[in-house]
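Undergrad: 393 is the number that full-length UniProt numbering gives the last residue of the sequence shown; the numbers go up by one with no jumps.
None of these hints come from the bench; they were simulated from the model. Please note: incorrect hints may appear among the correct ones.
[Claimed, not checked] No farther apart than 25 Å at their CA atoms in a straight line, the calculated lysine-lysine pairs in the DSS-like style are these:
hint: 1; residue 1: K319; residue 2: K376
hint: 2; residue 1: K269; residue 2: K376
hint: 3; residue 1: K319; residue 2: K253
hint: 4; residue 1: K274; residue 2: K376
hint: 5; residue 1: K327; residue 2: K376
hint: 6; residue 1: K376; residue 2: K270
Every value quoted in this text rests on a predicted model; they were computed, and no experiment measured them.
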Amino acid sequence: MDIQAEILIEVIVLLTAACAAAWALLAGPLRIAPRACRQYAVANGLLMLGLILNTLRTEEPSYLTWFGADLSLIAGIIMMRFGTVLLFRLPMNYKPELLLLAVVIFSMLMVPPSVASERYLGIVFSLAAAVLFVRLGISTYRGLLPGVGRNITLMLVMPLILAAVLFLVRLGLILTQDHAEARFISIHTAEAVPMLWFYLVLSVSINVVAMGNALTRLVQKIRVLADRDMLTGLWNRRSAELRLRELYQRWQKGRESFSLVLLDLDHFKKINDKLGHQAGDAALRQAALILGNSLRETDMLCRFGGEEFLVILPGAGIKQAHHVAEKLRENLAATALRWDDDEVALSASFGCAAIADGLSVSQLISSADHAMYQAKAGGRNCVVDSTAGPVQG
1 MDIQAEILIE
11 VIVLLTAACA
21 AAWALLAGPL
31 RIAPRACRQY
41 AVANGLLMLG
51 LILNTLRTEE
61 PSYLTWFGAD
71 LSLIAGIIMM
81 RFGTVLLFRL
91 PMNYKPELLL
101 LAVVIFSMLM
111 VPPSVASERY
121 LGIVFSLAAA
131 VLFVRLGIST
141 YRGLLPGVGR
151 NITLMLVMPL
161 ILAAVLFLVR
171 LGLILTQDHA
181 EARFISIHTA
191 EAVPMLWFYL
201 VLSVSINVVA
211 MGNALTRLVQ
221 KIRVLADRDM
231 LTGLWNRRSA
241 ELRLRELYQR
251 WQKGRESFSL
261 VLLDLDHFKK
271 INDKLGHQAG
281 DAALRQAALI
291 LGNSLRETDM
301 LCRFGGEEFL
311 VILPGAGIKQ
321 AHHVAEKLRE
331 NLAATALRWD
341 DDEVALSASF
351 GCAAIADGLS
361 VSQLISSADH
371 AMYQAKAGGR
381 NCVVDSTAGP
391 VQG
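Work out the full structure, taking the sequences as your base and the hints as a guide.
TA: See below:
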């Protein structure tokens, strides 16, 4: 074996081993996206195994060193994609990869596992790797785009797409050039050193991309912790106030109207006192689910504090807000909370207010809050807006 090629192979093996250990550490003691990190750890282990098996190839036929090496490398790329899908909670579909793996295995079994099939195996491997890197790039793009924007997403996906392109170039060179085995397929010769450098850069790149994915996902989870209510999963008060500021600026600049519906669950303390705080938490979660399913995608539902919820309605006037609140009231009252052997009716008192000249955001919230307390004083399970009296349910 060429000495420079041997050194590069050792570096790649050590690199993939270190990456596998690092991902295992993240999955185990650190508990950072454990399922995805385990996939990344296994992927690096398979890449390392495939490379080691490749170095053990001799003139003698061997299914392990010829077929096993390529299958291990292909499986490693597949596991990288599965890790990315798990990390970003994308829809999982194993069928394309399993089908591709089956095609690769079938194609390999068409030839003997020996040096005589080196060119053919190089063609099969290059084509499979190109397809897999394209799919890995697509999954990475879909996962990153909502969190970091198009420019950063393209920057992180680019190494994967470039890898797919280079494997296609490798495929073309194998098909068109004589004696391509020494430069583009075998990793033992001096002519293979440029290809080994490509493999080294590729190993670094895919792990850098994976680490970028993991950090992006971690940042997204931190944002969720900052912006979401942990019990119900709804937006929290901080998020509501930021959204209201944004809508208020639009109102001042372009007179884009918006309205609020503030509601408070009726007799919530009795649920806690009679059935316990876990039942109260279940009531809050059920109310959040019912309310959320009754709103438009453009509306914003927040847990405003305790048993209070705030609905922000962009583009809505007071009449629309009243109509939405009545719909929410009816849907909430139509569903009871089942807790052990008890069935508890859920209802709420609603207050509506719309932005108007002379009102600040805090005054708008106070107006909705005052209307909500009027609803409670008027018998509960009703809707009151800031310009009218209660409407009994």
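Undergrad: Determine for every hint whether it applies to the structure shown.
TA: Results of checking the hints against the structure:
For a cut-off of 25 Å, the pair hint linking K319 to K376 stands: about 20 Å separates their Cα positions. Between K269 and K376 the CA atoms are separated by roughly 14 Å; this keeps the pair inside 25 Å, and the hint holds. Among the hinted pairs, K319 with K253 is consistent with the structure: their alpha-carbon atoms are about 23 Å apart, no more than 25 Å. Restraint check for K274 and K376: the C-alpha separation of about 21 Å stays at or below 25 Å, so the hint holds.
Annotation: proposed proximity of K327 to K376 holds, straight-line Cα distance about 18 Å (limit 25 Å). At most 25 Å may separate the alpha-carbon atoms for a hinted pair to count; K376 and K270 meet this at roughly 15 Å.
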